[in-house]
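> Each chain, written out:
Number of protein chains: 2
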Amino acid sequence: MTEASTAPNTEPLGPDELRGVDLYWRAANYLSVGQIYLLDNPLLWEPLRPEHIKPRLLGHWGTTPGLSFVYSHLSRQVKLRDLDMIWIVGPGHGGPAAVATAWLDGTFTETYPDVPQDVEGMRRLFKQFSFPGGVPSHVAPEVPGSIHEGGELGYALSHAYGAAMDNPDLIVAAVVGDGEAETGPLAGSWLANRFADPARDGAVLPILHLNGYKIANPAVLARIPEGDLVKMLEGYGYRPYIVSGDDPEAMHQLMAATLDTVLGEIAAIRRQAREEGATGPVRWPMIVLRTPKGWTGPSLVDGEQVEGTWRSHQVPLTAVRDNPEHLRLLENWLRSYGPEELFDVAGTPNPRTTALVPDGPRRISANPHANGGLLLKDLTLPDYRRHAVDVPAPAVRSVGATGVLGGFLRDVMRANPTTFRIMGPDETASNRLGAVFDVTDRAWSLDRLPTDDHLAPDGRVMEVLSEHLCQGWLEGYLLTGRHGLFNSYEAFVHIVDSMFNQHAKWLKITRGLPWRRPIASLNYLLSSHVWRQDHNGFSHQDPGFLDHVVNKKPEIIRVYLPPDANTLLHTADRCLRMRDTVNVIVAGKQPALTYLTMEQAVAHCTRGAGIWEWASTDAGTEPDVVLACAGDVPTLETLAAARLLRHHLPELKVRVVNVVDLMRLVPVEEHPHGLIESDFDTLFTADKPIIFAFHGYPWLIHRLTYRRNGHDNLHVRGYKEEGSTTTPFDMVLRNDLDRFHLVIDVIDRIPGLAVRAAHLRQRMLAERLRCHEYAREHGEDPADISDWTWSS
Amino acid sequence: MTEASTAPNTEPLGPDELRGVDLYWRAANYLSVGQIYLLDNPLLWEPLRPEHIKPRLLGHWGTTPGLSFVYSHLSRQVKLRDLDMIWIVGPGHGGPAAVATAWLDGTFTETYPDVPQDVEGMRRLFKQFSFPGGVPSHVAPEVPGSIHEGGELGYALSHAYGAAMDNPDLIVAAVVGDGEAETGPLAGSWLANRFADPARDGAVLPILHLNGYKIANPAVLARIPEGDLVKMLEGYGYRPYIVSGDDPEAMHQLMAATLDTVLGEIAAIRRQAREEGATGPVRWPMIVLRTPKGWTGPSLVDGEQVEGTWRSHQVPLTAVRDNPEHLRLLENWLRSYGPEELFDVAGTPNPRTTALVPDGPRRISANPHANGGLLLKDLTLPDYRRHAVDVPAPAVRSVGATGVLGGFLRDVMRANPTTFRIMGPDETASNRLGAVFDVTDRAWSLDRLPTDDHLAPDGRVMEVLSEHLCQGWLEGYLLTGRHGLFNSYEAFVHIVDSMFNQHAKWLKITRGLPWRRPIASLNYLLSSHVWRQDHNGFSHQDPGFLDHVVNKKPEIIRVYLPPDANTLLHTADRCLRMRDTVNVIVAGKQPALTYLTMEQAVAHCTRGAGIWEWASTDAGTEPDVVLACAGDVPTLETLAAARLLRHHLPELKVRVVNVVDLMRLVPVEEHPHGLIESDFDTLFTADKPIIFAFHGYPWLIHRLTYRRNGHDNLHVRGYKEEGSTTTPFDMVLRNDLDRFHLVIDVIDRIPGLAVRAAHLRQRMLAERLRCHEYAREHGEDPADISDWTWSS
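Listed in order, the protein sequences are those of chains D and H.
With the working numbering applied, the first sequence covers 256 to 1047.
With the working numbering applied, the second sequence covers 256 to 1047.
If you are wondering where the hints come from, they were derived from the structure by calculation, not from laboratory data.
Computed from a predicted structure; not experimentally measured.
There may be inaccurate statements among the hints.
Note that the list lumps identical chains together, so a pair holds whenever it fits in one copy or between two copies.
Below, computed lysine to any residue pairings styled on SDA-like, alpha-carbon distance capped at 20 Å [stated by the list, open to error]:
#, residue 1, residue 2
1, Lys632, Thr876
2, Lys975, Pro305
3, Lys943, Tyr961
4, Lys943, Gly875
5, Lys943, Asp873
6, Lys632, Pro547
Isolated chain D, as found in the complex (with noise of 0.2 Å):
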């Protein structure tokens, strides 16, 4: 029926072998209980007494030591064929076995010298477990070794694609527990092989680790028929290999078997594929491991089964302080793995428990690829001035910026052959970064038609219909020290929200640890944007990614709203250069105005917020009022105002602000990029009112704010969800974003103004009325809109 294969039934390991493998793997085990459980006597030097047990009893022992077990077999082959490898930890609470691998074969002592090799080492070791000062339950960022977080489940698969790409000899053993197999997001990343280049790219070798129970359901993927999970597997394009059992010699054998024969399969793909030329599908192989959950541990408590169910998730003996048949089964389950035969006297393991450890970084928890920035190196980037548009007045001219961006894009794929990719959900070209495809294609492992557009195995641009495998894949890549950018529709991208969370709180930990280097930003390009939607209706239309970005620590997390071509120009260049930090850049699609020279553009994003006096009329004085924009559609609406001003109201003084870097509005007391007081003041004032056309939703301008100096004069238009499928001009009509509200804003905060403009605020209404119906008649919008330049 189905292709699902074990393992030539051999036994492939000697007795010294079987015993190594399994030394190792009970010390991990031996580890993992002592950090859910001492706080003290780490080697049972003497009997154990309820003062050696933490207070609180915290962590998970479900899935551990099949982890564990992954971690012994991984580290063998590595050392046997001397391969370049990584895991990664998918499921949830896998932590315990991650710092127990890591300290046995002494990286975690490496990292942390105060935690060294010996008892007292393992008495730390112990206590910092899920403990005030520790490390969580989780795998995390603290624990060398590791590019994932075992928090949020889900990205284990796409993370892993993404750190095998353009790393050709690379492996990445990628770990999926059961649990997090039901998440969206992770059955969406197995069709990820069907973008892996066999000649160019590392291969991911999954292991779907079965132990049949989540917290307290069961897993599904562990319940359905073997033969339909084996034929789900063949169907994403892998053969599953199955390794299954509970007897520890036997799996042991098993083990070691398959991936004898996985590693030999690939290989033989990468040989087919870069000696022989191979082109086309390659099936990956995999392992589907099915072990019982919290294996090893107490098998009956109080009656009730433990070991191979859900009540093996946490802590399978809760009551060890107070019970003390509890503390007895403790003990003799820690005393199972035999740490006398583990560890030397001093408490140091012993020879023979790590004659299986790699050399150096060869050690998966040493490899430095699970901590990129020791491999980054610099983009070489081009001169993005010569991509320069040629603005000869302002607001006269226009051209779409994203386009003018894909020119940079495509010289900096074209540079950096081997660094750098472009992610997006099938929109680079519909975003008009087409000009990329100059000089690589999008990647594709499948078949291809003539009618086909762009497609390559080798291509560069990361295009499939899921948010989430993208951000997951950058997120691989730049983790292992690459870099690269994440396109994507404005609104959708909400669909990433907590993966952005997940990776800006890795970021603020690892920048908190000296030993992880910095690596590249992530960086979102939103285009489709929330003004434009014109065959698109309310649904699309959320500005609402910059509100959550902008929770996350300031140290980490950049904004910018560059209102034209050029200036976008100059904040990619930026943002290519940037660490440790997530930048969102915010830029339309359509032909819209330019304002600024490249030499301005560049004067005026270094200064990231600047008067405009070209469209000013305050002449250098203090003005009666401040025109502030940010974002290319409030910035066009303000220059309009600031013209119809100039027409109608002469003598008004106008001050015309543009933000392009938004973290520019906060208190610097606050972040990195924030104005001081008195320079926020000199450019907004501290006392006229200030009306604020934002791209996004307005209050966030009040919560940026709200401390300053002029906060009670000011008053801001943005997206208030008003929206459907109109034409451009509508659209901000129906915001009060439009030139003729801003005209009215200004009449009615200006004290005095309204009698005497009370015939232009009519004749504003007027306007807007008169737009309005003329979409609503002709679809689309007057030509004196549309056409609309600062010479109009």
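Use these hints to put chain H onto chain D, whose structure you have.
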């Protein structure tokens, strides 16, 4: 190799039936092309001229003919078999098909009488599509017969399975686009079949529509070998039937025969489960429909292949107004459907065109399940007061709030055995709602083992480790007129940020459509919140869902932070009675102090925010300082701070204000729950320092109150992205939300107090250090902190 099947090779359609289904399909295609292109001359009564063409050509042809093909055949089967059926249009921009088919069967005209079934109606139908004031190019709430917005992709199957629950006679045909199939959420929802009960639930008929391309790329599932595709679907647990081709007549026969087969299988599965008592896993049928993208559209345009390629994704002929050849091709294309045969001289569909249309509410577009408010019945709500916990005095006894709620939810579940469900990612028990398992189980249609806990095919608690699937199920359940609750981990509910967006936007639009009847509110219970992360680290700490939620239209959203068990009970009861809103309740699951008797809780929650006199020392006069709080942990810290102030600074007049309904903070002009200005000032004062201890990010309180008189005196403490694996009190310490810091804030904010209370300030700092060091050493909080009560 596989069990993939095609239907028996018969030709079930006689000549009249074949003609009938083809006429309906051709008419829908004609109407779809008309929507994309025509402003006038809808029936081609005169030769097509440029002025008949819309000025902006917006819309999506690619998926449309396939969708209309499906609808035509489903309608025929509904009539033939008297089925109760709705359909879900997954493909992103299939709007033209949904509009066209609904107009043809009369539903559109019944919904919008100004769009009659005649030539003038047709003209309006065409104009309003992708036009200001009309409907978007994706299926939107404005389209009758839909519960599913075709904008953001990924939720077609989860919505379908949610709709089918507890609707035993319903069939939900769910069309999944091959683009959508690449998304994580869709990939993860195939396995929803493993939770469906053939005895109690309706049937979902997935139709995977492969037309080969997305916007610019091939679709992965359309390009993998068919053997892999079939295995994948079989692995998911389905029996797939392939309907593939491009010849209309052959495809009509094949689709009809296949539907005969799969509908027969569904009937048999139901019969076996309901009449013969069959139990155990079921293999549900599904259809793989493979048709050319842009089927029946222009084949070659400007020498390029369009039909069957990505070029037909949107508008196949792009220059119709300017290019006479494009105009000619368009006219030929439209005439190829034979409008004179489809419609009579008035423009009304001919009787033969609509011969397959079922009667009245049997029409798929008119089925009341797709307008769930029509079917909605109030929940039978037992008296929540019976679950009240005894509160002999404020802040002296502890109880876990969600555990108490569990008892109430059990009674709700018992009283509403077919209209209420609870969804959650395997956390119902962990969140202490386990009492519901007294009256129901977790839904599970796979095999069960003795070690399983409360699984049954007819369980009403839907647990799967996919927040996407939980949310999609609940949305589908609510949109078809039922009730429910989604309980989740606070940090990870961000996973469904974007789904929340889409649902909230759907509700906003439907509130403006009188024919869409109100549906039950979507209720979130967020537990395992930011302040209790005993074994979890920084990655599990994120209260930002509240920030995300409040960006949506005020009339849609409600946020509740009940401080204790009785207030939670009242809040839950209130939320279960609401309509057309999204309600977010945040409540801890750990034992926590109780403050209010049931009677007091009702009064307090009804006010939404109020002074707690028993904790205050202002005795009804103007206070020196206001200690405000929202959330269970912040309330505890605020009370402890109030107690410290009472003891150490007895002369200080302190007012304690607790906020349950967060939207009370907003001006009434901005939210229906907002306090009027004078009421806000009465509570918070207009000029006294307010120290606000908040559950979430502190700036959210600023964003809600920046228009308030007292805002300049407001000082907010909340989560500021500081955390790790640590004790409960160390978590608040790290974020300066602890009682000692709140006392310091009071001292620092009251003029003149700094000197007088210098010693107290020092002591508070020392207490902070003591607690922090105790936690680092002992792994738990000092007893005077963890056991603190108002009387201690």
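> With reference to the structure, classify each hint as holding or not holding.
So, going through the hints one by one against the coordinates:
1. Lys632 - Thr876: For Lys632 and Thr876, neither the intra-copy (48 Å) nor the inter-copy (66 Å) Cα distance is at most 20 Å.
2. Lys975 - Pro305: Classified as neither: same-chain Cα gap 60 Å, cross-chain 37 Å, threshold 20 Å.
3. Lys943 - Tyr961: both (16 Å within a copy, 18 Å between copies)
4. Lys943 - Gly875: Classified as within: same-chain Cα gap 15 Å, cross-chain 39 Å, threshold 20 Å.
5. Lys943 - Asp873: Answer is within; shortest intra-copy Cα gap is 12 Å, inter-copy 39 Å.
6. Lys632 - Pro547: neither (44 Å within a copy, 46 Å between copies)
Of the numbered hints listed earlier, those contradicted by the structure are 1, 2 and 6.
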